[in-house]
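K.L.:
Position chain B relative to chain A; hints supplied.
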Amino acid sequence: MNLTYSPAQQAFRLEVREWLAANVPKEKLPTYDTKEGFELHRQWESKLHAAGLSMVMWPEEFGGRGCDLIEWLIFEEEYYGAGAPLRVNLNGQLLLGSTLLEFGTQEQKAQFLPRMASSDDMWAQAWSEPNAGSDMANISSKAILDGDHYVLNGQKTWSTRAIYADWAFGLFRSEPGSKRHHGLSFLMVPLDAEGVTIQPIKALDGEDAFAEIFFDNVKVPVAHRIGDEGKGWHVAMATAGFERGLLLRSPARFQQTVRKLVKLYRDNKASADRDPSIGVDVAKCWSDAEAYALSAYNTVGRLNNGEKIGAESSLNKVFWSEMDLLIHQTAMKILGTTGELLAGAPLAEEHAYWLEGFLFAQAGPIYAGANEIQRNIVAERVLGLPRS
Amino acid sequence: MDFTFTEDQLMFREAISRFLMTEAAPEKLREIWETDEGRSPELRTKIAMQGLTALSIPEDNGGLGMGDVAWSLMTQELGYYGIPDSLADTAYVGAGLFSALDDSFAEKGQYLNQICDGELRLAIGHQCSPMVADAHLAEVLLLQHGDEVHLVSQDDISDVANPSIDSSRRLSQVTWQPTPETCIASGEAGAAIWNETLNRGALSVAGQLLGLAQRMLDLTVDYSVQRKQFGKAIGSFQAVKHHLADVAGKIEFAKPVLYRAANSLETNHPLASVHVSQARQFCSEAALLAARHGIQVHGAMGYTWEVDLQMFMKRSWALNNTWGDATFHQARVQDYVLNSQVDLAPSLTFE
Chain A
0 MNLTYSPAQQ
10 AFRLEVREWL
20 AANVPKEKLP
30 TYDTKEGFEL
40 HRQWESKLHA
50 AGLSMVMWPE
60 EFGGRGCDLI
70 EWLIFEEEYY
80 GAGAPLRVNL
90 NGQLLLGSTL
100 LEFGTQEQKA
110 QFLPRMASSD
120 DMWAQAWSEP
130 NAGSDMANIS
140 SKAILDGDHY
150 VLNGQKTWST
160 RAIYADWAFG
170 LFRSEPGSKR
180 HHGLSFLMVP
190 LDAEGVTIQP
200 IKALDGEDAF
210 AEIFFDNVKV
220 PVAHRIGDEG
230 KGWHVAMATA
240 GFERGLLLRS
250 PARFQQTVRK
260 LVKLYRDNKA
270 SADRDPSIGV
280 DVAKCWSDAE
290 AYALSAYNTV
300 GRLNNGEKIG
310 AESSLNKVFW
320 SEMDLLIHQT
330 AMKILGTTGE
340 LLAGAPLAEE
350 HAYWLEGFLF
360 AQAGPIYAGA
370 NEIQRNIVAE
380 RVLGLPRS
Chain B
0 MDFTFTEDQL
10 MFREAISRFL
20 MTEAAPEKLR
30 EIWETDEGRS
40 PELRTKIAMQ
50 GLTALSIPED
60 NGGLGMGDVA
70 WSLMTQELGY
80 YGIPDSLADT
90 AYVGAGLFSA
100 LDDSFAEKGQ
110 YLNQICDGEL
120 RLAIGHQCSP
130 MVADAHLAEV
140 LLLQHGDEVH
150 LVSQDDISDV
160 ANPSIDSSRR
170 LSQVTWQPTP
180 ETCIASGEAG
190 AAIWNETLNR
200 GALSVAGQLL
210 GLAQRMLDLT
220 VDYSVQRKQF
230 GKAIGSFQAV
240 KHHLADVAGK
250 IEFAKPVLYR
260 AANSLETNHP
270 LASVHVSQAR
280 QFCSEAALLA
290 ARHGIQVHGA
300 MGYTWEVDLQ
310 MFMKRSWALN
320 NTWGDATFHQ
330 ARVQDYVLNS
340 QVDLAPSLTF
350 E
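Residue numbers (numbering that gives the first Met the number 0), protein chains in the order written: chain A, 0 to 387; chain B, 0 to 350.
With the rest of the complex left out, here is chain A (with noise of 0.2 Å):
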């Protein structure tokens, strides 16, 4: 066990932060749910990638630049840390991305990734629908081989920012009569297609974040097929598991919000310690953030000893979103009667942040695969209880 930073671990960091510090925009962009502001953080995406630090635990032939995992969890930190804005493209760029990597094919990975690391392309991803959402193996939409390409048919929903995106990849049925994750196919869609409506949902802070996908005769070519025909499940199962794994929410974006936490008890410390409830939450949640990020370094260990990340990947998935509710939970306790105010009100000043977060938090152990979902297969898979 040795607990610190190489020296070209330590000049990494510095060169991240020199860049970020130089460039990171001074006023927070528009939230990416609205039209204007998904465009300007595609402008950030294109500016991170032009400095190489876009994606960079990616090889460097698809627009990567070759970091470890430990150069990677850095790179976050850094990133966070500067109040760079979030990332708009993650959906693609770190489930397809990374399923890209591991399952597709060298034409596949010379096509798709350069783009969604310059986030050229936007994607989108399609798995719900309105029968299959906890249920995944449920799903119903078809996909039917007619020579070099397949009929789409059907309809997904939930899809994040998909009124903006450019692509989609998603489960679809390509074998007819086929039952739960048998004979499922792993494709991906361009959304300009023709027989592609895009409906909006508007989410309850009013903004379009995600949208219905209805697909009506769409043809899409064999070739953006990912792994075989019919075995599908078992791409999206890695996909998810990078999902509830580590990639989605590394531990600096929720250290950050935890920093900011505290420095909001600090500024109004006489007001919070009227609740003394509020001092232990605020310390908790900084404690839970520490333990993610240090899991996080344990498991890039083990991933470096040659371990697999298995079902506890789940655990991970329950715990930060656990965590992301107590974060917020605890900032409007501290914010008191100015919390329900909207960004813009003359006295939410920046309060408005933690409102905003707020209301993201309670979509955490809903999306994702719901965490009940998630304590299942920790309780089949990793302590073999019995299926019910």
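Misleading hints may appear alongside valid ones.
A few chain B positions that, by computed beta-carbon distances, are all more than 10 Å from chain A [what the hints assert, rightly or not]:
hint : residue
1    : E22
2    : R29
3    : K45
4    : L100
5    : F104
6    : E106
7    : E118
8    : E138
9    : S152
10   : N161
11   : L287
Quick list of simulated restraints, FRET-style, between CB atoms [stated by the list, open to error]:
hint : chain 1 : residue 1 : chain 2 : residue 2 : range
12   : B       : P57       : A       : S133      : 50 to 60 Å
13   : A       : A10       : B       : P40       : 51 to 61 Å
14   : B       : P177      : A       : G309      : 53 to 63 Å
15   : A       : P220      : B       : Q340      : 56 to 66 Å
16   : A       : P275      : B       : W32       : 54 to 64 Å
17   : A       : A20       : B       : D116      : 56 to 66 Å
18   : A       : A50       : B       : T266      : 34 to 44 Å
19   : B       : L347      : A       : K307      : 24 to 34 Å
20   : B       : Q340      : A       : P275      : 13 to 23 Å
21   : B       : P269      : A       : P275      : 50 to 60 Å
22   : B       : M20       : A       : D204      : 36 to 46 Å
Covered, in the sense of this in silico footprint (three residues per stretch, anywhere, with C-beta under 8 Å from a C-beta of chain B), are these stretches of chain A [what the hints assert, rightly or not]:
hint : segment
23   : 271-281
24   : 289-303
These are computed hints drawn from the structure, not numbers from a lab. Keep in mind that this is a model prediction, so the values were computed, not measured. Think of the CB as a built atom: it goes at the ideal place given N, C-alpha and C, for glycine as much as any other residue.
P.N.:
Showing chain B alone in chain A's frame:
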């Protein structure tokens, strides 16, 4: 940056685990409970023969020269098998205290050798508790008097037993007289030794609590697979699954916190005290939830003397307030987060 253990550390843990599985089975612990002294010299000798008492003794004194990081694995095994605490207090916390003394204390090497060979029983009395564990059997006691460290022999104390709910713990009030002859460290050096000893004791307890949590989880998983209601194993019901998944989560996230704290103690990190208290909190939470959900899933059987779960629950409840009570550790973490002026940037985790 490497968060993993060496082959040696992992193999040693494995060996200790296999040994304790047979030598410290619950029925044997129950037999020891029935004795007046509550201790088995035989078991202690066997453990010494496995090399555990030599683990952190410097190589110059015949030991293995490992440190807090190795002990963070061993204490989990001691907790998992519910070994009475005098072993960890002697071989880990006591050995650390003797090692920290400067060489002007002439008998330092002799005591380290004795601990290494498993020949010395000692007890440590820190002001964090009015009780001293295992004072009734200790040949020598290390006792706190302000900043002073005193080494007192059994002949020079009187002890009054204070029975604990955990029959593996034997606690006493100790009456003694500090004298210049018994004082082996004082002033700043003494205060530093007591602070480090408290941290080491707390970390020892943290590891044991984590081991206890795993033991209670394992017992409860076994029970929930065997016990049938409504025609099927109760472990197939989602309410039960979620109770146990939550315990598994607490255990998984406590591990790296424990290991980091051990590393901080071993490398004299300036925040070692905060890290140790943080580890104590995570490991305590895991053990307390494992106990709560463990007894819930066991139902009325969990409330009986007969089922082994009680042994590990009661030990968890007792250890939760040992070597600094839960409030002490909460206060140390909270004070750092709320009252220090440190800007807690994400890059500071290992600074």
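K.L.:
Which hint numbers does the structure go against, in order from smallest to largest?
P.N.:
16, 21, 22
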